[in-house]
Amino acid sequence: MLRSRLAKRLTAVGVGAALAVVGLAVPVAGAAPAQASGKCPVNALKNAKSKPVEITYWQGGFQRANEETLGRLVDKFNSSQNDVHVTVVNQTTYADTLNKFRAGLSSGDLPDLINIEDTGLQQMIDTKAILPAQACVDAEKYDLSDNLKRVVDYYSVKGKLYPMPFNVSNPVLYYNKKAFEAAGLDPNNPPKTLDEVKTAAQKLKDSGQASQAGFGMKLDPWYLEQWSALGGKTYVNNGNGRKSRATATTFDNATGKEIFTFLNDMVKSGLARTNPADGPQAFDNLLGIGNGNFGMTIDTSAALGTIQQVLTSGQYPNVELGVAPMPGPKGKGGVLVGGAANYIVNKSSPEKQAAAWQFAKFLNDPESQAEWSVGTGYVPIRQSASTMPQVQQRWAEIPGFKVAYDQLVGGVTNTATAGPVIGDYQGVRDVVLDSEQQMFNGKSPSSALKQAKQDANAKIEEYNSRVSG
Amino acid sequence: MSTTDTTVDRPEDTGAAVPAPRKRLFSRGVREAGLGYLLLLPAFLIFAVFIFYPFLRNFYLGFFSTPPFPGQPKSYVGLDQYKDVLTSSDFLDSLKITVIFAVITVPVGIALGILLAVLAHQKLRGVGIYRAFFSSTVATSVAVAAVIFGTLLSPQVGLLQGIQTEPSILQNPDPIINVSLPVIRSFIPSVALVAVAVTTIWQNLGLSFILMSAGLQAVPDELEEAAEVDGAGAWTRFWHVTLPLLSPTIFFAFVVGSIFAFQTFAQIDLLTPRGGPLKTTNVLTYFIYDQLQFSKNDGKAAVLAIALFGVTLILTLIQFQFLERRVSYER
Amino acid sequence: MSADTITLKGTELSGKAGTELEAARPGKQGRRLRIFGRYVLLSVLAFIVLFPIYITVVNSLLQPSQIASKSPTFFPTSPQWHTYADAWSDGHLGTYLRNSFIQTGLIVVGQLVTAILAGYAFAFLRFPFKRTLFVVFLATLMVPFEITIVTNLQTINTLGWYDTFAALAVPFLATGFGAFLLRQTFLQLPQDLQDAAKLDGYGHLRFMTRVAVPLARPTIAALAVFSFLSAWNQYLWPLLVTKDDRLRTVQIGLKQLRATNLDQVNVTFAGTVIAFIPLVILLLIFQKQLVRGLTAGAVKA
Chain A
1 MLRSRLAKRL
11 TAVGVGAALA
21 VVGLAVPVAG
31 AAPAQASGKC
41 PVNALKNAKS
51 KPVEITYWQG
61 GFQRANEETL
71 GRLVDKFNSS
81 QNDVHVTVVN
91 QTTYADTLNK
101 FRAGLSSGDL
111 PDLINIEDTG
121 LQQMIDTKAI
131 LPAQACVDAE
141 KYDLSDNLKR
151 VVDYYSVKGK
161 LYPMPFNVSN
171 PVLYYNKKAF
181 EAAGLDPNNP
191 PKTLDEVKTA
201 AQKLKDSGQA
211 SQAGFGMKLD
221 PWYLEQWSAL
231 GGKTYVNNGN
241 GRKSRATATT
251 FDNATGKEIF
261 TFLNDMVKSG
271 LARTNPADGP
281 QAFDNLLGIG
291 NGNFGMTIDT
301 SAALGTIQQV
311 LTSGQYPNVE
321 LGVAPMPGPK
331 GKGGVLVGGA
341 ANYIVNKSSP
351 EKQAAAWQFA
361 KFLNDPESQA
371 EWSVGTGYVP
381 IRQSASTMPQ
391 VQQRWAEIPG
401 FKVAYDQLVG
411 GVTNTATAGP
421 VIGDYQGVRD
431 VVLDSEQQMF
441 NGKSPSSALK
451 QAKQDANAKI
461 EEYNSRVSG
Chain B
1 MSTTDTTVDR
11 PEDTGAAVPA
21 PRKRLFSRGV
31 REAGLGYLLL
41 LPAFLIFAVF
51 IFYPFLRNFY
61 LGFFSTPPFP
71 GQPKSYVGLD
81 QYKDVLTSSD
91 FLDSLKITVI
101 FAVITVPVGI
111 ALGILLAVLA
121 HQKLRGVGIY
131 RAFFSSTVAT
141 SVAVAAVIFG
151 TLLSPQVGLL
161 QGIQTEPSIL
171 QNPDPIINVS
181 LPVIRSFIPS
191 VALVAVAVTT
201 IWQNLGLSFI
211 LMSAGLQAVP
221 DELEEAAEVD
231 GAGAWTRFWH
241 VTLPLLSPTI
251 FFAFVVGSIF
261 AFQTFAQIDL
271 LTPRGGPLKT
281 TNVLTYFIYD
291 QLQFSKNDGK
301 AAVLAIALFG
311 VTLILTLIQF
321 QFLERRVSYE
331 R
Chain C
1 MSADTITLKG
11 TELSGKAGTE
21 LEAARPGKQG
31 RRLRIFGRYV
41 LLSVLAFIVL
51 FPIYITVVNS
61 LLQPSQIASK
71 SPTFFPTSPQ
81 WHTYADAWSD
91 GHLGTYLRNS
101 FIQTGLIVVG
111 QLVTAILAGY
121 AFAFLRFPFK
131 RTLFVVFLAT
141 LMVPFEITIV
151 TNLQTINTLG
161 WYDTFAALAV
171 PFLATGFGAF
181 LLRQTFLQLP
191 QDLQDAAKLD
201 GYGHLRFMTR
211 VAVPLARPTI
221 AALAVFSFLS
231 AWNQYLWPLL
241 VTKDDRLRTV
251 QIGLKQLRAT
261 NLDQVNVTFA
271 GTVIAFIPLV
281 ILLLIFQKQL
291 VRGLTAGAVK
301 A
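First to last, the sequence lines map onto chains A, B and C.
In terms of my numbering, the numbers along the first sequence are unbroken and rise by one, the last being 469.
In terms of my numbering, the numbers along the second sequence are unbroken and rise by one, the last being 331.
In terms of my numbering, the numbers along the third sequence are unbroken and rise by one, the last being 301.
Calculated directly from the structure, the hints in this document are not laboratory data.
Hints are not guaranteed to be accurate.
[To be verified] A partial selection of chain B residues facing chain C, derived with a Cβ cut-off under 8 angstroms:
(1) L35
(2) L39
(3) R57
(4) F59
(5) L116
(6) A214
(7) P248
(8) T312
C-beta atoms are modelled at their ideal positions from N, C-alpha and C, and glycine is treated no differently.
Using the sequences and the hints given, assemble the complete structure.
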C-alpha cells in the first residue's frame, strides 16, 4: 500500500514540480480498504464479532407510497432476525444517489447496499466497487429460476448477474376510456401499433375529446430504446453490450426509421404535444389526460399507483383510466426491464457484504415481492409471487396493475429484448433527444436518425476511451 | 484598476493620531501593511483551503483523460485536452450562450433594481410596506423561483395553458421573434433561454433592490434637497445627483452581477434540464456540471472550469479598467 | 428613474383628485396628484413582484386537481391546511430547519466578520500587493463551486469533519462578494470623517468599530441577508457531507418532497412556503436596519 502511494506521488512529480504538490491529495482515493476479491464472503456473517451487523442502504427516487412500502419491508426484515440491522437513507433522487456514491468513492462515505437506476448498470460495473450478486448466487447455490428470466437477463453482462433485482417497471399506454367512447373508439380495444395510435389520436382530436392533442408525448429517449426492443432490434452492438463492451449504436435501421417517422408525423400534424422527460413538466403528459387536454399517453407503469391514488380521490370525474400494453412498431420483440436494482458494495467489511446480500435476497424473495408489488404497482419479479392471493386479488380489483407484468413475460427473450448496456447512457439519450428536436425543426427523419447515430457513437467512444477493461 | 490610486493620495496614515511618545519597533508603513495582511488573513485561509487548492488541482487534472470513477488509472494527454475542449463547437456555443445570458440579465436586473429603489426612496407615507414587497423575492431561492415559474409556464398546469402551442415555452428552441431579422435570430438563442432569463431577473430583483436601496441610503439627503431647491427637475436630479452618487453601488452590482451571471446553474437545471432544447440553454456552468454528473469526465470539466474562470477574470479586469474610472467615490 | 416624469404627464392629462397626503404645498394640487400617481406605480410594480409568491401560497392550499385545472383558481375557497402538516412531517422539516438555522447562523456571522476585516483593509490601508490580493479575493467568485466538490470532500475527511456542522459551515466562512461590497461602501464614506476621527485620536481598530462599521450598517445588513440566503439555499454540499437525517438541511427536505409527492403538488408548495418564512422574518428585521440607515448612524461628523 505504502509503496503504491509513493509510486503515485512519484508519477505526479514527473508531471512537473509545481503540479506535484497539487497531486498529493490524489492517493486518498486508493486508501480505502479494498475488498475487491470478487468472492462473496457468505460465511462472514456467522463469524461476525458483534451482532446485529449494521448496514446502510441508499435509495432515492421512490414515490411516497413506494417509500412507505419499502419502510414496512425493512422493519419486517429487521424484526425477523438478529443478525443484520438495516438503516435506509433517502438520497432524494436516482441521479443524486449515484452522484453521492461517486463522491463517496473518493471520500470513503459509502453505503453497503445501494439502489441504482436501470441505466446505471455499466457505470456501476465500471466503479469496480461492487460485488457481483452472481458471486453470492454461486457461493450459496442460490436458485434464480423463480426470478423472471427477462429481469435476470437485463441485469446480467457476460453471463454474470451484477445487482440483485428489486423494483421493475416498464412503459404502458394510459388512456381515458370516457374520451375514447365519446370519440367513437372502442375503449376496450386501445391502439396496439404506431399506426393505430395515429388513427386514434386523429379521432380524439376531430371529436373534440382532447382539446390540445390526441396524444401527450413525453420526449423521452427511453421510448426509442423500448420501441427498438419491441421491434426486435438491438440498440447497440456486441450483443447489446452484453458479450463485450458496446462500441457503437445499431438503431439506425428500418425500425428506427419507422419510429422517427411516427414521432415526426405526430408532432407535425398536431396529433401530439410534447413535454420534456425531466424537470417541472415531466408529468405534463399525464396531467393533460386529467384535465382533458390529451386522450392518451405512454409512461412508466411505476406511475400507476400514484395515478390510481389521484383518481380515487374523485377529483377527475371525466376520466376513466385505461391501461394497455405499449403500442409499438412492426416486428417481434418485447418491452425492456425498467426501474432499479440493488448493488452490494465491495468496499465494506466481509460481514457487512454478507449482511447486504442477506437483505438484497430478502427484498427479492417471493413474499417481499408480493407485498412490494401490491403496495407500489411495480412488477412482481418472482413467478411464485404473481400467483400469491394478495397479488391476484389486487390484479382482479385493478387490472391495470397486471398489464406491465403480462407484457414483460409475454415478450420474446433474446439479445434485443435483454436491453442495451451503455456506459454514457445519459450522453446517448441527450444526443438522441437533440436529433429528435432537430427533426421537429425541419430535418428529415432519416437524416435525424443518422445524426443521432453519429453523435451517440461519439459519446460511446469518448466514454470507452476513459475506462480500463 | 484604481484601487491603489484611491488610497495612495490620502493624507498620512491614521497611526499618527495614536499618542506618540512610545517607541515603535517598526515604521508606520510596515505596521499599516502588517495590519492590512492581518485583516485579510482569516478570509484568505478559508479561500486557500476550500477554493484555491481544489481549483489549482484542476490545472493538473486537465492534463489527464480521467476515468469515470475515482480509484482507477488516468492517462496523461498533456495539452491536447485543453486544445480539443477549447476549440470544440460545444464549448464555443456554450460560451456564446453564457455571454448572451449575462447581457440580457445583468443590465435589466440593475435597471429594474434602481427603478424600484428610487421609487421606494420617496418620502411617502407607508412606503416601508412597498420596500418589504420589493425585497420579497430574495426570500425565494432559485429552486423556489424555478418551481413557481415552471408552474406558471407549464402548458398543462399553468395560467398560460390556453395560449400555449407546440413546442411549449421551456422546450422552444426558436428565437423569440420568429421573423427574418438575422440580427435578432443570431442574438437570442431561444424562447427557452428568455424564459430562464426572466426567472433569473425576477429572482434577483429583490437583491438588486436591496443593494440599490442601501446605496441610496448612503446618498446624503441634503444633496438631493439642495438640487430640488435649485429647481432641478426630477430627471435632471436623478441623472446629475443621484446616479453619480449611486455609481459605486452600480459598479459593484455590474461586476458582481456579471460574475454571478457567468456562474448561473440552478435555474437552468431546474427549468430546462439537460441544457434545454437543442442545447440552447447550455451555459458554461451547466456544461461543467453535466460533464461531472453525467459524463463523469473530471478532466474535461477541469478544462472547462479553467476556461470559465479565465473568461470571467478577463471580463472583470476590463470592467475595472474601463468602468471604475467613471465611478465617483466620495473622495 | 423616469417615473416622476411619467406621472407628471399623466397628472396633467387626467387631472384626477389626489390622496390625503402630507406635504401638499398650498395651491399645488398637481403635487397631490403626482403623489397619487406614485402610489399607483408602486402598487403595480409590487403586484408584479408579488404575484408569483401569491400564487405559490394559493397553490399550497388548493387540491392538486385545482392546480392542474384549465380554469385557474386565484383564491382557495376550501383551503387544504393539512398540506402544511404533511410537508412538515414528510419533509422532516422540524429537524432540517433547526440544522439550517445553525449552519446558516455560523456562516452569516463568519462571513460578516471576515468581510468587514477584509473590506476595511482594502479600503483604508496601504500595503504591497493590495491590488493583486483584491483580484485574488474577487477571483474566488469565479471558481464554479461544482468543480471544487471532490477535493473539498477529501479535505473534510482528512480533517475528520464528515457529518459535523464544521463541514457544513467552515468552507463558507469567507466571501469575496462581501469583501468587495464592504470595500465599495467604505470607499463611499466622506474623507472628512476619517480626518475628524484622526484628530480625535482614533486608531484603525477604533475607527473601524466606532465609525466605519456603524455607518455601513445598511450594507452590512444587506450582506447579512445575502449570506443568509446563499447558505440557506444550499443543497448539494449538505447532501454530500452529511450521513443521514440528523444533520440534513431544509433544501434537502424540499427536494425529497418534490421527488416523493408528484401526486400532491400542493404539499410541495406548502414546503416551499415553510422554507421561505424564516427569510421573510429576516427581511422584516432587515427593513428596520435599512431605514435607520445614515440618519441613525452614531457619527455624522
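Verification of the supplied hints:
1. L35: Status holds, d = 6 angstroms.
2. L39: Hint on B/L39: holds, closest Cβ of chain C at ~4 angstroms, below 8 angstroms.
3. R57: holds (6 angstroms)
4. F59: Violated, because the Cβ-Cβ distance from B/F59 to chain C comes to roughly 11 angstroms (cut-off 8 angstroms).
5. L116: holds (6 angstroms)
6. A214: Holds, because the Cβ-Cβ distance from B/A214 to chain C comes to roughly 4 angstroms (cut-off 8 angstroms).
7. P248: holds (5 angstroms)
8. T312: Holds, about 4 angstroms.
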